[in-house]
Amino acid sequence: MVRIYDMKQKEVINTVDGSRLGYVCDVELDLKEGKLTKIIVPGPGRILGMFGREMEYQIPWSKIKKIGEDIILIDVDPKEVLQEIEY
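Here the numbering used here is used: the first residue of the sequence shown is 1, the next is one more, and so on.
Calculated from the structure, these hints are not laboratory results. Check before you lean on any hint, since a few could be wrong.
Subject to a maximum C-alpha distance of 27 Å in a straight line, what follows is the list of computed DSS-like cross-link-like pairs (lysine-lysine) [to be verified]:
id	residue 1	residue 2
1	LYS10	LYS63
2	LYS38	LYS8
3	LYS66	LYS35
4	LYS63	LYS35
5	LYS79	LYS10
6	LYS79	LYS63
Take these sequences, add in the hints, and give me the full structure.
Dropping the structure here:
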């Protein structure tokens, strides 16, 4: 069993291209089904990261291949999961 707090301490690495996307900052839950549907990782920063972020990686649970002690391995095209942040 993994707690959300523990997931936020793990780095997300994409096995497709070896890129390090960052650390989990949030999760999306389906309250009707009682399931975790996505993990959220902050997207690339704007203008050297000085003015915040407007994009985030929304990674479906089905794309997670392995959760290790320090990392979460995913298998996904980063362009497909990079989304604008909805406020």
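Here is how each hint holds up against the structure:
no.	hint	result
1	LYS10 - LYS63	holds, 16 Å
2	LYS38 - LYS8	holds, 13 Å
3	LYS66 - LYS35	holds, 17 Å
4	LYS63 - LYS35	holds, 15 Å
5	LYS79 - LYS10	holds, 21 Å
6	LYS79 - LYS63	holds, 14 Å
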